[in-house]
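*Asks:* Here the protein sequences line up with chains D, F, C and L, keeping their order. At position 112 of the first sequence the residue is numbered 112 (the numbering used here), and the sequence of numbers has no breaks. At position 232 of the second sequence the residue is numbered 575 (the numbering used here), and the sequence of numbers has no breaks. At position 90 of the third sequence the residue is numbered 776 (the numbering used here), and the sequence of numbers has no breaks. At position 105 of the fourth sequence the residue is numbered 1188 (the numbering used here), and the sequence of numbers has no breaks.
FYI, nobody ran anything at the bench for these hints, they're computed from the structure. Ideal placement from N, C-alpha and C gives every residue a C-beta, glycine not left out. Please note that a few of the clues may not be correct.
[Claimed, not checked] Chain L residues, not near chain D, derived (Cβ > 10 Å throughout): (1) D1085; (2) L1086; (3) P1108; (4) R1118; (5) R1265; (6) G1268; (7) A1278; (8) V1281; (9) D1381; (10) G1456.
[Claimed, not checked] Some chain F residues close to chain D (C-beta under 10 Å, calculated; not the full set): (11) R360; (12) G361; (13) F579; (14) V582; (15) H609; (16) T646.
[Claimed, not checked] Sample of chain D residues with no beta-carbon within 10 Å of chain C, all distances over it, derived: (17) D14; (18) M49; (19) G120; (20) D167; (21) M218; (22) L294.
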Amino acid sequence: MRFELTDEQVDLRDAVRGLLEDRCPPDAVRAAWDGDGRVRAAWDALVEMGVLGALVPESAGGLGMTDEDVVPLLVECGRVALPDPVAASGYASAVALGALLDDLTGGGLAADWSGRIASGAVLLPVVDAGAPLAGATTADGFLWCVADEVVLATPEDVDLQPQRSVDGARQPATVVRRSGEVVATGDLARRVGSAAAERLAVGAAAELVGLGERMLEMTVAYVGERQQFGVPVGSFQAVKHQLADAAIAVAFAMPLVWLAAHSLAHSDPDAGRHVAAAKLRASTAARHAAAVSLQCHGAIGYTVEYDLHLFMKRAWALSYEHGDPDACRSRLRAELGLAGNSR
Amino acid sequence: MRFELTDEQVDLRDAVRGLLEDRCPPDAVRAAWDGDGRVRAAWDALVEMGVLGALVPESAGGLGMTDEDVVPLLVECGRVALPDPVAASGYASAVALGALLDDLTGGGLAADWSGRIASGAVLLPVVDAGAPLAGATTADGFLWCVADEVVLATPEDVDLQPQRSVDGARQPATVVRRSGEVVATGDLARRVGSAAAERLAVGAAAELVGLGERMLEMTVAYVGERQQFGVPVGSFQAVKHQLADAAIAVAFAMPLVWLAAHSLAHSDPDAGRHVAAAKLRASTAARHAAAVSLQCHGAIGYTVEYDLHLFMKRAWALSYEHGDPDACRSRLRAELGLAGNSR
Amino acid sequence: MDLRWSDTELAFREECRTWLNANVPSPPLASGDTRSGFAAHLEWERALHDARWAVVSWPEAYGGRDASLWEWLIFEEEYYRAGAPQRVTQNGIFLLAPSIFEFGTVEQQDHYLPRMSSATDLWCQGWSEPNAGSDLAAVTSRAVRDDADGGWRLTGQKTWTTRGAFCTHLFGLFRTDAEAVRHRGLTYFLVPLDAEGVTVRGFGRLDGDEGFAEVFCDDVFVPDNPFGAPADAAAAAMARGGILGEVHQGWSVAMATATSERGLTLRSPGRFQATAARLLDLARERDGEGRLGEALADRVVDAWVDAEAYALYTLGDVTGIVEGRSPGARSSFNKIFWSELDVRLHEAALDLLGSDAELDGPWMKGYEFALSGPIYAGTNEIQRNIVAERVLGLPRK
Amino acid sequence: MDLRWSDTELAFREECRTWLNANVPSPPLASGDTRSGFAAHLEWERALHDARWAVVSWPEAYGGRDASLWEWLIFEEEYYRAGAPQRVTQNGIFLLAPSIFEFGTVEQQDHYLPRMSSATDLWCQGWSEPNAGSDLAAVTSRAVRDDADGGWRLTGQKTWTTRGAFCTHLFGLFRTDAEAVRHRGLTYFLVPLDAEGVTVRGFGRLDGDEGFAEVFCDDVFVPDNPFGAPADAAAAAMARGGILGEVHQGWSVAMATATSERGLTLRSPGRFQATAARLLDLARERDGEGRLGEALADRVVDAWVDAEAYALYTLGDVTGIVEGRSPGARSSFNKIFWSELDVRLHEAALDLLGSDAELDGPWMKGYEFALSGPIYAGTNEIQRNIVAERVLGLPRK
């Protein structure tokens, strides 16, 4: 029994943290709002480091790691509010393609795409055709997992309707698919789709925990400096207790995210409830941290010139994406055998 | 437009408050735990003052007042945690009997019981045959409103199974009725039953608001005195803010209770939703006040030698009685046209 | 209790509703916190004024209708129910005007109030400074006596000034007695933003609109008594600035305004009831599509109940005011309740929207706006201190 | 991460479970906080000791099994899952023993620890005084030097002493240096409750049980070194009292205990997971009767998730401790979380019970007990200060 990252995992995480702090400072995220929603300096470095190919089998040019290795790195992506689709492409699509590799129909294309993902191409999974898809305009392809069918689609196969998100770096679009290559159907398609959906949820959960940590760190630093009534704002008990509560919420969300990654890596039969619990608590904890951070900052947090909003808006968006809290609770009710439909 | 008690209502309330502070101090409530759950010194004085007959028509020996006059008095009963069935008998039964007075079948018995209520006899309405009924062992009769039938039952008509409540003054029992006099059926019975049920809910709501106010007053007094770390505990911001929040919750529950009384008095078609809203917020506010009061008292609040528990346990019990918060929300969903049964 | 409106009040409601139905712009105007939106809102303000709806409770001489507080409530209810535009003049009308009514000279009242109600002068508030937010008494902007010119010279920086970049005037506190500490030695100044030495820089708010400004004063001259000056061009310019109340007494004047900001006049219940009604519509729509879980429905129910509670509580406050009782520190109850209710109403709506919540739309925009409620006009932490100390009577420390 | 148990650990779990299944009393014992229930619990404690389950993680010489921290977790999980009785010895085992292991002399360890694990000595804690609750450093009970008899004379009042009326010994802080202020000048004393001058008065707790006591000391003699005294009857009595750690160093000794109280050893996750499992059973039962609304079900879901989160967080803590990292102020995280989780678990159950919630039964009783969690062992207000200052690094003031 050991519930902690391995030394290797810690080293990798620390390396990624250093890289991201360097390549994805708040100004880079801000620039992504005005640009195409990407921070290529960070993305390219992650590709070079192998992070995008971490879950791609070695045979297809990747590192052949597991969910447990990659999820802590997604926490780091959240900490810097990196808008690029590391979780969607390098985690969810890479794992989903893994389920296809040995298949006669889709295997060749899957191997091809796996290699491209490791090299930095963006393949976005689509598991809910109606929901806005962040980063759709810069995607190189779509792993369309809808209605028990898996289709690999290129940008030419789809129509994009760009949408405005509260988070200017996300640049979502609604996507309508016109054509594409069917690579799986039936049971296999369901397996691929489920693999993608679970990773999208856990990926968002990991980013949310990172966002929560970062917002609280920013706020602790600010209220330690900011003076009102002749003392630092952070010396008021009301501020202390709000921050303590938010810190506890984030701290207790993290192990649920780790457990979900572990269960997915080991195909645990309870993985479904672990994923839902992780996304539920990561969403509520990050929203909690966002609310407390804004309130403790006061008016300065309410301006776009200050960095807090970059993180807060990402947290809002991700908390609703790939399973909002109510959807997670609904799934948990089913998993725990509570129909709850009496009145 | 005027949303405030009249001068006469204020005078009556103040008189009742003075009387109850005198006749129902915490020690009297404590004695009711060891006795039969009654504080007869207070009850008799209320009878003499006419409070029990306030809603009984003048023709039947009462004062012929309205819900609006009596509900503020029930707040006062809550403030002192009077365990006696003022709300059940003097409010709910009195009003329900009023609907029967002109009826050929039940009118005579109703007039008789109305007069007895005004003179201090206890008639307990039973609107949910399965729920424990507080004060059943000392009741003089039961107004049985179940299954579209109204039955007047004497203690000899029922079997009582006493239960232990967390609040030792309530002394509830489950009641099985064997016989009794059927006084109404069909539509009339439904009207009588509904009149009783709505008043039971609003009566409990009024008592809950009074309990909430009282617990907060006790706590404010205690934390103003109690010294820790060389200062009064009440000077800590964490204590101040908890108490401020609870005070706000109670303050905003009160007008909902008044509105419910007003709507019942005027047969407002929206009375149902007003009753549910009043009971919902009175329950949540009083529970909130109880939780904060206990926490701000610390260990002393956790002992039975201190008075707080007498009020806190009553608040717990009443918050579940005659419409717990979930039942109120369920009713409000229906009233507001939200089925809410999708997932 | 008497919850019936009089015939006069019902007629007033009917008149409001008819006019609003005929005149409320559709589609809704762009945000008044953007430069182009602000211009459209100004047109609306002038239309309101022309029909005498801008300031219904003011005396007729100043553009009002001498309406009662009850009629004011009715107007607000109808205004929000009709989905009418935000009031870009509100900082003047709701925050400055009560102080002018209470502390202004007759000349100041006659000059400023009609120009305010007609949206000729557009006022922004100059409370906050970079180091004086919640701690308003920490103001360091100063006014130095200029006996030669008969006035004061103002220097300092104000910030978080809502719509400051679009307004014509600022009201705020400046330190006139450098020796006095904290809230002593402050004076309440009225400053034309086109005066020499004033620089205004707009900056972006959470929702992306350029709704805030910093206002820099560099030796800005404000005369003692512009109304007595000769009627030349320079004096006319001066006539738009001055001191409200007594020198060094600015704190009392500001506190009267601050109470007004927290209290009744800033947030009429109609606004939240209108939001609750829209939330109910959204929920019913989702319900019709079979997409409303019970738990979500309950969040709507709770928010709806609280909007009702706020409306009722306000009726009690208005009854008290009409009968001559002061709401006093209870206005802090109000401010905490409505500001957090507003957040809950919008959160419930976003929860209903689910994965669409992040998209640009009235609910996300309204949510962002609602989040400012617990911060401005004295953070809710300050308000809770006030409730605890002044209403509950807990020891100050 | 490796979430598998080793074969040894699985065998250990099997052994626990088998023994517990065969031995846990059914029906459950009366509350251990009543006089008659306490006697029944003592029998259970002695049965546990005889089968060497009383203190699994202690050395075998003191009645334990030298079990690892992981095995301790397993034992606790099985213990609560089996619905075994509350541990009336817990204040000694969990609060005093860690300090004896850390600060006691070999004689003290050899004497006290076996008598504690066998429930021969029954310890209650003497921290709180009427004017020293959260503010433990305000202790005024004093110990005056008695050089003639070679010891100390204790005078003062302790209160909120859980099960004090049924115990044989008290551990607590007394002021040995009247000049020193606050936490300086305190000494950690071990006091036999049958010593001359000790009076114990039991009083009622929230749940009606006589679970609390006041302990009055009036010139109670406690010797310096009872273990070196001649082996006569008086000395044997004395051997049950003494000082733990150095004179005037009681605060450090107490803080070690307080950390233990807040931290891992007091509230093992098995307890909350067992409560969550019973809550799930209750919810399923209601569901089967068609009486479980979605909103109620969601409250169960949230509480269940938090019980899981607490269990996982503890696994992380144990991993750290096993690998030599100190949890430090993170134990305040734990205390806040488990104590408020326990309240939520029971509240959810009461909500399921609806109008039956008020009736005497395990959930209401458990709710009352849970409400003490946010108060004792340092109120959660104190814990939040600790989290903010020591974990987050916010300024102390």
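*Asks:* None of the hints should be skipped; say for each whether it holds.
*Replies:* The hints, checked one at a time:
1. For D1085/L, the non-interface assignment is contradicted: its Cβ lies about 5 Å from the closest Cβ of chain D, within the 10 Å cut-off.
2. Consistency note on L1086/L: stated as away from chain D, yet its beta-carbon is not over 10 Å from all of that chain's, at 6 Å minimum.
3. With a least beta-carbon separation of about 30 Å from chain D, P1108/L lies farther than 10 Å from that chain, consistent with its non-interface assignment.
4. Against the 10 Å criterion, R1118/L stays outside the reach of chain D, whose nearest CB is about 39 Å from its own CB.
5. The claim that R1265/L lies off the interface holds: its Cβ sits roughly 20 Å from the closest Cβ of chain D, which is beyond the 10 Å cut-off.
6. In this structure G1268/L is separated from chain D by more than 10 Å, as the shortest Cβ-Cβ distance comes to about 28 Å.
7. For A1278/L, the condition that its CB be more than 10 Å from all CB atoms of chain D holds, with the nearest at approximately 42 Å.
8. Residue-level check passed: V1281/L sits 39 Å from the nearest beta carbon of chain D, beyond 10 Å.
9. Not every CB of chain D is more than 10 Å from the CB of D1381/L (nearest about 5 Å), against its label as outside the interface.
10. No beta-carbon of chain D comes within 10 Å of the beta-carbon of G1456/L; the shortest separation is about 15 Å.
11. With a least beta-carbon distance of about 34 Å to chain D, the hint placing R360/F at the interface is violated under the 10 Å criterion.
12. A distance limit of 10 Å between C-beta atoms decides the matter here; for G361/F the minimum to chain D is near 38 Å, and the interface restraint is violated.
13. Given hint, F579/F at the interface with chain D, holds; its Cβ is 6 Å from that chain's nearest Cβ, closer than 10 Å.
14. Checking V582/F against chain D: minimum C-beta separation of about 9 Å stays under 10 Å; hint holds.
15. With a cut of 10 Å, the hint placing H609/F at the interface with chain D is violated, because the nearest CB-to-CB distance is about 29 Å.
16. Restraint check, T646/F versus chain D: the minimum CB separation of about 26 Å is more than 10 Å; hint violated.
17. At roughly 31 Å, the least C-beta separation between D14/D and chain C is larger than 10 Å, which holds for a residue marked as non-interface.
18. Once the 10 Å rule is applied to beta carbons, M49/D is consistent with being away from chain C; the minimum gap is 30 Å.
19. The non-interface label for G120/D is consistent with chain C: the shortest C-beta to C-beta separation is roughly 26 Å, beyond 10 Å.
20. A cut-off of 10 Å between C-beta atoms contradicts the statement that D167/D is not in contact with chain C; the least separation is 7 Å.
21. M218/D, annotated as away from the interface, keeps every beta carbon of chain C farther than 10 Å; the closest lies near 15 Å.
22. For L294/D, the non-interface assignment is contradicted: its Cβ lies about 6 Å from the closest Cβ of chain C, within the 10 Å cut-off.
Violation of the numbered hints given earlier is confined to hints 1, 2, 9, 11, 12, 15, 16, 20, 22; the remaining hints are satisfied by the structure.
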